[in-house]
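Chains as they are written, first to last, in the numbering used here: chain X, 1 to 379; chain Z, 1 to 379; chain G, 1 to 379; chain U, 1 to 379.
Take these hints with a grain of salt, some might be off.
Pairs count within a copy or across copies, as identical chains cannot be separated in the list.
[Said to hold, decoys possible] When the alpha-carbon atoms are kept at most 20 Å apart in a straight line, the in silico SDA-like pairs for lysine to any residue are as follows:
(1) Lys19 to Met9
(2) Lys6 to Gly335
(3) Lys19 to Val8
(4) Lys142 to Ser110
(5) Lys299 to Gln154
Hint data in this document are derived by calculation from the structure and do not stem from the laboratory.
Since the structure is predicted, the reported quantities are computational estimates derived from the model, not experimental observations.
Number of protein chains: 4
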Amino acid sequence: MNTFTKKVMSVGEMASGAKLTVPVYSFVSENASGPNVYIQANMHGAEVQGNAVIFQLLELLQHCRLNANITLVPYANPVACNHKNGEYTLGRFDPITGVNWNRMYHFDESVIEPFSQNYIDATEEDINNDFRALMLNEIEQKLDHNIFGLTTGQRIAYQLQRLAYQADIVLDLHTGPISSKHLYCPEYAQASANYFDIPHTLLIPNDFDGAMDEATFCPWWSLQQAFEKQGRKFTMGQGLFNKESFTVELGSQEQIDLDVAKDDAVSILAYLHYKGVISNDEYQPQAMTRYACYLNDYKALYSPMGGMVDYLAEFGEVLAAGEPLARILRMDNYGDGEALHYVSLDKPVIPILHFASASVNQGTELYKVFYNYFELPES
Amino acid sequence: MNTFTKKVMSVGEMASGAKLTVPVYSFVSENASGPNVYIQANMHGAEVQGNAVIFQLLELLQHCRLNANITLVPYANPVACNHKNGEYTLGRFDPITGVNWNRMYHFDESVIEPFSQNYIDATEEDINNDFRALMLNEIEQKLDHNIFGLTTGQRIAYQLQRLAYQADIVLDLHTGPISSKHLYCPEYAQASANYFDIPHTLLIPNDFDGAMDEATFCPWWSLQQAFEKQGRKFTMGQGLFNKESFTVELGSQEQIDLDVAKDDAVSILAYLHYKGVISNDEYQPQAMTRYACYLNDYKALYSPMGGMVDYLAEFGEVLAAGEPLARILRMDNYGDGEALHYVSLDKPVIPILHFASASVNQGTELYKVFYNYFELPES
Amino acid sequence: MNTFTKKVMSVGEMASGAKLTVPVYSFVSENASGPNVYIQANMHGAEVQGNAVIFQLLELLQHCRLNANITLVPYANPVACNHKNGEYTLGRFDPITGVNWNRMYHFDESVIEPFSQNYIDATEEDINNDFRALMLNEIEQKLDHNIFGLTTGQRIAYQLQRLAYQADIVLDLHTGPISSKHLYCPEYAQASANYFDIPHTLLIPNDFDGAMDEATFCPWWSLQQAFEKQGRKFTMGQGLFNKESFTVELGSQEQIDLDVAKDDAVSILAYLHYKGVISNDEYQPQAMTRYACYLNDYKALYSPMGGMVDYLAEFGEVLAAGEPLARILRMDNYGDGEALHYVSLDKPVIPILHFASASVNQGTELYKVFYNYFELPES
Amino acid sequence: MNTFTKKVMSVGEMASGAKLTVPVYSFVSENASGPNVYIQANMHGAEVQGNAVIFQLLELLQHCRLNANITLVPYANPVACNHKNGEYTLGRFDPITGVNWNRMYHFDESVIEPFSQNYIDATEEDINNDFRALMLNEIEQKLDHNIFGLTTGQRIAYQLQRLAYQADIVLDLHTGPISSKHLYCPEYAQASANYFDIPHTLLIPNDFDGAMDEATFCPWWSLQQAFEKQGRKFTMGQGLFNKESFTVELGSQEQIDLDVAKDDAVSILAYLHYKGVISNDEYQPQAMTRYACYLNDYKALYSPMGGMVDYLAEFGEVLAAGEPLARILRMDNYGDGEALHYVSLDKPVIPILHFASASVNQGTELYKVFYNYFELPES
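Work the whole structure out from these sequences, hints included.
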């Protein structure tokens, strides 16, 4: 049975001086032949189910054959996860500034080109070690050398990023508002999406927009591109560049279900088995039709009116063109107007998630849908 | 086909001067032999399903044989129903003062005794008309003669109460957070609870605590008591005192479901048929086991710790003593403490509702349960 | 120089398991001849200035001659004081339930009568010790013996009350929204109000409504009344019944000013010197006109309309009848209505506090004023 | 006396169907020789003082000699200005999405280059008219031709932008949290900053980041640059390119002061007189030292710890290097740590604004300061 260590990382202080901490669990493999793994959950306050998945992963990993180090971080953002707003948890952004907690990671592309020039002839091992050291140093600089200080979210994000930079594979566990399971997957890692028990995959471009997944794969992808420009070819997802990051959307926010969490932990272990992190043949992906969609075609539909919404469309099933996604009740119009308004789209779509409340303003995001979807090719 | 009229009542103004209004729908019966009815919905901001029930009632009532006047008021509290708080709707209390929107109605018991003395020998018709006029005048005084003004909630409550005072039967449509259907029923009206398709009934004492149901039945109940003290006997629920008020809890907040709303509308029509408000034999209550519980035995269970809750107990089924209602995840304890904590009670209970979010502070209300329940006797 | 001890009391847990604690500072006097003192601050989240006053009291008390024990508790409610809501702190009530944090203390009047009968002939020392023990036991029962648990606020309140019950004099440091300094003083303790450097005193009846000041003086006052009914006479504020509690309103919320806090600390020391808690003649009350008003005459004025308010009336000065307290801007009426609306009252009043924001709904509390004020008689 | 017209523009709907509207006031000059003007206020919910300034402008402009058309829009964003959050107004961002209301305007730079090529030889009048028409058409397309709808904020922003595009000069009236008066001024319009009675000017680069000021001057500035590349030279701020936009920060949020508003209205009239919009020599800028700072040097200082802040630095005065901006109270450290922590910077700075509350988390923005300031050269 594998043992893990537990450390506690301090990430924030509140007005009373109360310190907010994050537990960090680490398995260290004696036979570290596979890619190292970093898994975190609950960067967004209301998206708590990932903590239950980490609970189940800790239970299961103690009985696996480990080929690499694995670090797991539940409650990654205790500032957000403790921020109750009435009965609910205020979640996706810093309530003081409005900045999305998952858009505060750091990556400065300008360091890539010089590094690639200096290491054009270096060994893969040197590239791996020194590039990682460079990235880590970037973060240390941000954390420690700033007379103006850091925002609340930067302080948290940079500390998590420092942990994540020590891994090759990064899984950031999130949820939607009311949502099906879906996976954010970099385009180059599309083949890996077949190993998660998740029927919907969003293929994201290899650009940095501040999120954890991007912050961890973009440096490597940029480096691979820079080497290629200078004539040294590597393939993303293989060898030195066997680096993959995913945002795993586990379903709906504001919910803990430990039984479903076990299924999701098993799904993650199937992926880790595929990548050689563990050697336990019992963890295999389920057979299912997996749909994919490019990020550009992942469309939000905004409410054409204020009102109260009866969400009709089922998640994960194709909804025919013209069929209603929702009907909006407008009692103020009853008797002298249209009390029910149906919302539909002009093409078949796969609904992925919808807004968390029936009450919407004009312009509230009602649904997100795969607008041009296709079956994910089996790898 | 019956026609209704629609009026618009102004109940509030916001900082920009925007006026908030409430639509008031009225059916006037030519054959007004039965008790008049007042139905409102959405006094609490997030409890929107009652609006859909009123939609379905308006659809169905146009095709009923009416024996009395019926007034229906959706969006009863637009200040609350428009108050978004992040993604959700802030619901049960005025967000500036913390006062529950459904504790602001008015009843001054001191007017009862003098009235009963003056009307000890009056005809039932005079009592009915003059007592109603007295109650209405009380409200008019509150609305119009106060140099210090009214709170936001009083202004709304008193205007609704003015409408409700013109009826004999009052239904206030609410929901719980995440909840089964249940009914708040005055103890004297217990027999009527058998005519709603609602399996759980809370029997409330005949006391005034500021809510709409109490504000409408307590004056009549107090009057009946006062007459009795002077030797003139009436029976609550019959003849002159055929006055009943219920708070109907339709299920969970933050949801609109027009199909379920139709079921609830049909359930309400079965009760109205029983009371002689409509003459449509097709509306009959369903056969079901109905459980009841006195308000004193309706217990809230508060979380013994902060954490993330996996709610386990099913609503509406008896949970054996010692069986877990919930398990609380505490990842910060994983590895060096108890990561899972089970919550149970010492007696069999019927869980009725639970908190709306998995994330709780120490002391957050987890569940409400029927702690000493019994089968509601058939009438 | 006096030394103090510091203990840390655990009062709550958040969703991540983070514990919230309260520091408790205690001076123990070797010469404990005077009444013991309990001072707390920041029970309401946004009312932070009391923490600065406790800072200054700790600085000054180390250099005083102490005749009694003094306990000081800043950050009394860390759940509330850490609850940021956008830029501001959500303050006066539990944001989940709406219940005012300062209405959750416990007092069960039914224990008084039996105690007074049992102790009708007891010595003053026995009465003092045993009544205190009874009160403490009541609180212990609430904290420890409840299968349904406690609300978040009860757990905090009862722990603070346990500390306060060990003292004879209780000061609960609060602030208004935007406010002058004022003092809530029980009617029987009116003479003591002259020893604070606070120009406005509210005389409150001797009734329990859930607040800390009431929770600490009402038991003693009720006991004194019960003894009197049985023919044993004591005077409140003297001897055995030298028990006084005040809510000290230090000015406006959301502000820390350490210099002003020093003035307020000195004002409190003048009162403590008067009561014999310290023997330092340098602490004397300032000469000033002190106005008083009965709680019944402390009137809130609610906005007659939604709009944006230019608060005109100065605090603490008499405003003549008919003079405007505020003018409300309604730009939506400019050009075709009244863009400015003036608000005034029919009598001279002393404005004490006003709402924290210019933007109000119809029915928002604009001002609180002394409506029938008088000069506080010098003692 | 000039007359104005008033129109009402519908900008949003809430859950109850309530419509939110914006009043639009227009003066049309018979002698339209000067640049047309657009002034709006209250795009951020809590920043209400601009409404009072528009009130005073409406009062004064009726008595001016107008040489151009002027449009004034108070309550520009009623969704935000009506969004109370407890006692305060939630202000700078959409509370559902976190997106800053003043970052949702539209500008697509890609239309500039083709236009400049087509109009390289056109008359100034044709350029002016057709470019304005092009910009307006861009906005119309956004408003009317989108099957996925618009966000709440886009719908508001685009409607305001449509009005602003008809003007040459745009003033967007804002406030800081607790703040001195300051002006956001495009670098090319620096000379104009001398005509406002505002002692602090931020010089912003000519880039588009989504704000109203940028959205209105950037198209013209980009066009001027595009012409210049092709050899046709114009000067920004003159002739055809006499287009200027400013964000005017009027002081602190959550406050209305009609007297101060009159001063600010007079200051704006001095600028409008300078630009030839009005011909009233009595409106002249005050003599004062005006400081300026480039946006890059406008620094936010983030709190190094959670705590309660006593803001010490005065606005608008140079604070010497090393002098404290603030002291942070940490009572939890009293007795066994540092209870007071002083915050200072390494250079002389001019403090411009600070956070709205004393209670801060670690990482909350404490102050914004001019870090490298200089005297604004007189024009």
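Given identical chains, is Lys19 near Met9, meaning Cα to Cα at most 20 Å, within a copy, between copies, both, or neither? both (10 Å within a copy, 15 Å between copies)
Can you tell me if Lys299 and Gln154 fall within 20 Å by alpha carbon in one copy, between copies, both or neither? Between copies only: 16 Å across, 29 Å inside.
With identical chains treated as interchangeable, where does the CA-CA distance between Lys19 and Val8 reach 20 Å or less: within a copy, between copies, both, or neither? So Lys19 and Val8 pass the 20 Å test inside a copy (11 Å) and across (14 Å) alike.
At most 20 Å between C-alpha atoms: does Lys6 with Gly335 qualify within a copy, between copies, both, or neither? between (63 Å within a copy, 7 Å between copies)
Intra- versus inter-copy proximity for Ser110 and Lys142 (alpha-carbon distance at most 20 Å): Within one copy only: 15 Å inside a chain, 35 Å across chains, cut-off 20 Å.
Against the hints set out earlier in the document, no violation occurs for any number.
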